[in-house]
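> Okay, here's what each chain looks like letter by letter:
There are 2 protein chains.
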Amino acid sequence: MHVLIIGAAGMVGRKFVGAISRCGMLGTQSVEKLTLVDAVEPQVPAGFEGAVTRLALDISEPSTAPQLLADRPDVIVHLAAIVSGEAEQDFDKGYSINLDGTRYLFDAVRQISLQHGYCPRLVFASSIAVFGSPMPDEIDDIFVRAPMTSYGTQKAICELLLQDYTRRGFFDGMAIRLPTICIRPGLPNKAASGFFSGILREPLAGKEAILPVPDTVSHWHASPRAAVGFLTHAATMDTGPVGHRRALTMPGILATVAEQIEALRQIAGDKAVALIRQEPDPDIIRIVSNWPRGFATERALALGFRAESSFDEIIRIHIDDEMGGKL
Amino acid sequence: MHVLIIGAAGMVGRKFVGAISRCGMLGTQSVEKLTLVDAVEPQVPAGFEGAVTRLALDISEPSTAPQLLADRPDVIVHLAAIVSGEAEQDFDKGYSINLDGTRYLFDAVRQISLQHGYCPRLVFASSIAVFGSPMPDEIDDIFVRAPMTSYGTQKAICELLLQDYTRRGFFDGMAIRLPTICIRPGLPNKAASGFFSGILREPLAGKEAILPVPDTVSHWHASPRAAVGFLTHAATMDTGPVGHRRALTMPGILATVAEQIEALRQIAGDKAVALIRQEPDPDIIRIVSNWPRGFATERALALGFRAESSFDEIIRIHIDDEMGGKL
Chain A
1 MHVLIIGAAG MVGRKFVGAI SRCGMLGTQS VEKLTLVDAV EPQVPAGFEG AVTRLALDIS
61 EPSTAPQLLA DRPDVIVHLA AIVSGEAEQD FDKGYSINLD GTRYLFDAVR QISLQHGYCP
121 RLVFASSIAV FGSPMPDEID DIFVRAPMTS YGTQKAICEL LLQDYTRRGF FDGMAIRLPT
181 ICIRPGLPNK AASGFFSGIL REPLAGKEAI LPVPDTVSHW HASPRAAVGF LTHAATMDTG
241 PVGHRRALTM PGILATVAEQ IEALRQIAGD KAVALIRQEP DPDIIRIVSN WPRGFATERA
301 LALGFRAESS FDEIIRIHID DEMGGKL
Chain B
1 MHVLIIGAAG MVGRKFVGAI SRCGMLGTQS VEKLTLVDAV EPQVPAGFEG AVTRLALDIS
61 EPSTAPQLLA DRPDVIVHLA AIVSGEAEQD FDKGYSINLD GTRYLFDAVR QISLQHGYCP
121 RLVFASSIAV FGSPMPDEID DIFVRAPMTS YGTQKAICEL LLQDYTRRGF FDGMAIRLPT
181 ICIRPGLPNK AASGFFSGIL REPLAGKEAI LPVPDTVSHW HASPRAAVGF LTHAATMDTG
241 PVGHRRALTM PGILATVAEQ IEALRQIAGD KAVALIRQEP DPDIIRIVSN WPRGFATERA
301 LALGFRAESS FDEIIRIHID DEMGGKL
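If you read the protein sequences in the order shown, they are chains A and B. Going by my numbering, 123 is the number at position 123 of the first sequence; the sequence numbering is gapless. Going by my numbering, 292 is the number at position 292 of the second sequence; the sequence numbering is gapless.
Treat each hint with caution, since some may be false.
You can't tell identical chains apart in this list, so a pair holds if it fits in one copy or across any two.
[Claimed, not checked] With a cut-off of at most 20 Å between alpha-carbon atoms, the simulated SDA-like pairs for lysine to any residue come out as follows:
no., residue 1, residue 2
1, 93, 103
2, 93, 112
3, 15, 54
4, 326, 279
5, 93, 111
6, 271, 61
7, 15, 225
By construction, these hints were calculated from the structure, which means they are not laboratory data.
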């Protein structure tokens, strides 16, 4: 099969490409060809023996999507987006890439579908930012999408488009809302959510980390490995039982910062915990207070999506996948 | 004040223009200028003494919205849309007019807002078609928008855009979801919902009407006069208490077809009821079974929106407004 991955150079994209490349499979199906696209040219996928095309393209250009679909990939995974903060700062860029770019892709698939009966699986990475306060403690799949950011608005609109295009038979779409990915590898960044990973990743590496919120703050987490699993399942599952509501919040772990820190203590000891410095940041406290906390994901679980079952597991996955298995 | 009405030639548009024209007021504010736009040139508003501009324009042309905003109307009421059946049959036309046309309008307002601090009130007529089955018996304002038509998808997307543009301060938006308007004046039409009005309007005029569904079917109704009231209130109300969730289902009357017919009997007697001929239509039965039935509209009521309190009242309004007050 031929898999097209748009947004292949991002953190989740690289992990997903890596998983396919290592075994040459997507789920139980063998992958002969990968087309990897991003705003910058994606890296060569290590170990992959099939054909690879790597492209640096702008999805907000109307000509990009038809070019990507020229040889009709069987599976399309669309991860590309301007992140929340940038979409808030640059209104035009956010709508152009996150909404228009996605619509160009959907419409390009539709054109081939109308002419040739093409109907690929299309997986769209959405976000829990489609929800906004006031919110219940557990958000279920029938709770209103009422985003409080332009990014969340763009994701919610794309979910609606995906459902309509799927209902019309132009493609077989799945929109999955990823939890906050934890532990995010790499360097500390300035995203408001960065500390959820930073307070674990940095102390595990013997470095200091800053905690800008009270440790009573709770949040919804899944590992990078779980994110790859969600994408793989969404790309290969039987969509028959999903019905017409194709946007699903992915399972995750609801944990307070205190519970995250306690898991760190169990695995890396008091010395690691001592590296976390409390430094309250009113801006981040305010932003985080508007975020969803917990979700009721029975439907995603019933459809076979799986996340970690404890925060210990999330930390151990980071040690395995990013630190060669040892502290 | 200057009021721009897009979709002024439609049934609700004509009623709204008529109400403004009769008293020269919108709510408690005097109206000096009306700009009336539709795909066909709207009629001269009878009795209006202010300035009137009437335009036949295509809102899916990018140049239309900037032209309409050249002298910065204080209130914009956007009613124009391709109806549900046509949006389902002609995918491109539906998205072009119902989504792109609305977005061109929003973006044209935004451009003037960015340059000149313009911030008009913008009222958008949305639809209960933003909801889709499975649905509870009473849909509240936190129930997911999960439309099952392209029309409903386009309306849901415009609600999301309106909320984001309002949050950003580009305009002061209100999206109101109109109930099925009953009794719709004029000739019988082929809309699947046409019979809800037809089984009352035709017998009141001494003509036969066809009932294509069982009389146990229930639906959400408001009169044309109530629709004018919703638009007027949305255009003039204090939006402070509304907060950031700017899409509201309007109040209405939940009635079964049997209850509609009983109200007809009370007002026009058995002779009128005898003009209703039962002729079940499986297509219409199927379509109607996917429609929302009842709504919990406490929030709209608390914000001052008012509909009729009985079906008798709905029939009497038709007799007053369309039949000169007598049978």
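> Can you tell me if residue 15 and residue 54 fall within 20 Å by alpha carbon in one copy, between copies, both or neither?
within (16 Å within a copy, 58 Å between copies)
> Checking an output row: residue 271 and residue 61, CA cutoff 20 Å. Within, between, both or neither?
The answer is neither: 51 Å in one copy and 65 Å across copies each exceed 20 Å.
> Treating 20 Å as the Cα threshold, decide for residue 93 and residue 103: within, between, both or neither.
Intra 14 Å, inter 15 Å, cutoff 20 Å: intra and inter.
> With identical chains, the pair residue 93 and residue 112 could be close in the same copy or across copies; at 20 Å between alpha carbons, which is it: within, between, both, or neither?
Close across copies (19 Å), not inside one copy (27 Å); limit 20 Å.
> Checking an output row: residue 93 and residue 111, CA cutoff 20 Å. Within, between, both or neither?
between (25 Å within a copy, 15 Å between copies)
> Tell me, please, which holds for residue 15 and residue 225 at an alpha-carbon limit of 20 Å: within, between, both or neither?
This pair counts as within: shortest intra-copy Cα distance 8 Å, inter-copy 59 Å.
> Treating 20 Å as the Cα threshold, decide for residue 326 and residue 279: within, between, both or neither.
Neither way: residue 326 and residue 279 sit 29 Å apart in one copy and 75 Å across, limit 20 Å.
Against the hints set out earlier in the document, violations occur for numbers 4 and 6.
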